Amino acid sequence: MPSDDTFLRRAVAVLTAFRADDDGLGAAELARRSGLPKSTAHRIALDLVEAGLLERQGRRVRLGLKLFEIGQRVPRQRVLRDAAVPYMSDLREATRQTVHLAVLEGAEVVYVEILGTPGGPPMPSQVGGRLPAHVTGVGKAILAFSPPPVVRAVLAAGLVRASDRSVVAPGLLARELARIREEGVAYDREESGHGIVCAASPVLGPDGEALGALSVSGRPTRMHLAAVAPAVHTAALTLSRTLRENARQTPA
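For reference, each letter of the sequence shown is one residue, going 1 to 252 in UniProt numbering.
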């Protein structure tokens, strides 16, 4: 009989096997992605269905609404998203481009909110989805204003290549992060995927460290980075100030 700790680790392996664009997975694919035996993955999936964390879809399973409900209770995500959405809406209106809000988790960024725009290019990002931090504008904006141990952990995880323009040399990334700290704006010049560019700026806490980042993304043929960068930077600075003021007004 597996211990509670073993079951929890296996359940996490099954849940994290799902990607943002998965509508359903069978036992074989769950086993392959989670690294568990097929019978184990199947048994744990049934337990998670019973708990409401997964839902049946024929012979496949998908993430359940209860997970979404739990995710909405995460304080960092909820507070940041709720404060950011009005600024994101204004930013989308001003630029007519797709606006992202993301936070850092490990060596990846997690997209908390995305406001799309008609006619925009297909994006590799999705709400709840992840991308390597070093290939995205939001990721580089956050890393530039993160403590050195956070940056070292990202470098130690390995800089994977998402496109032929991705920066994968640690020295080059370090120099780029230094420039971002000076200018307050990061860029993705088709580094996360072909046909997509973005300008991003960090959302800073009272200590000057990044809580997350805002970005504007679009096609390189339709969006001039130098033109949208000031708007992104201004929105991020204003959101940072709003979060600080809200924190001061919240009773201890």
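No lab work stands behind these hints: they were computed from the structure. Please read all numbers here as calculations on a predicted model, not as lab measurements. Glycine residues also receive a C-beta, built at the ideal position from the N, C-alpha and C atoms. Wrong hints could be hidden among the right ones.
Claimed, not checked - Computed Cβ-Cβ distance ranges for the label pairs, DEER-style: (1) Arg9 with Leu155: 21 to 29 Å; (2) Ala227 with Pro124: 43 to 51 Å; (3) Phe7 with Pro148: 17 to 25 Å; (4) Glu50 with Arg175: 47 to 55 Å; (5) Ala157 with Ala227: 29 to 37 Å; (6) Arg43 with Arg244: 15 to 23 Å; (7) Pro124 with Gly158: 30 to 38 Å.
Subject >> Violated constraints from the hint list, given by number and in increasing order >> reply: 2, 3, 6, 7
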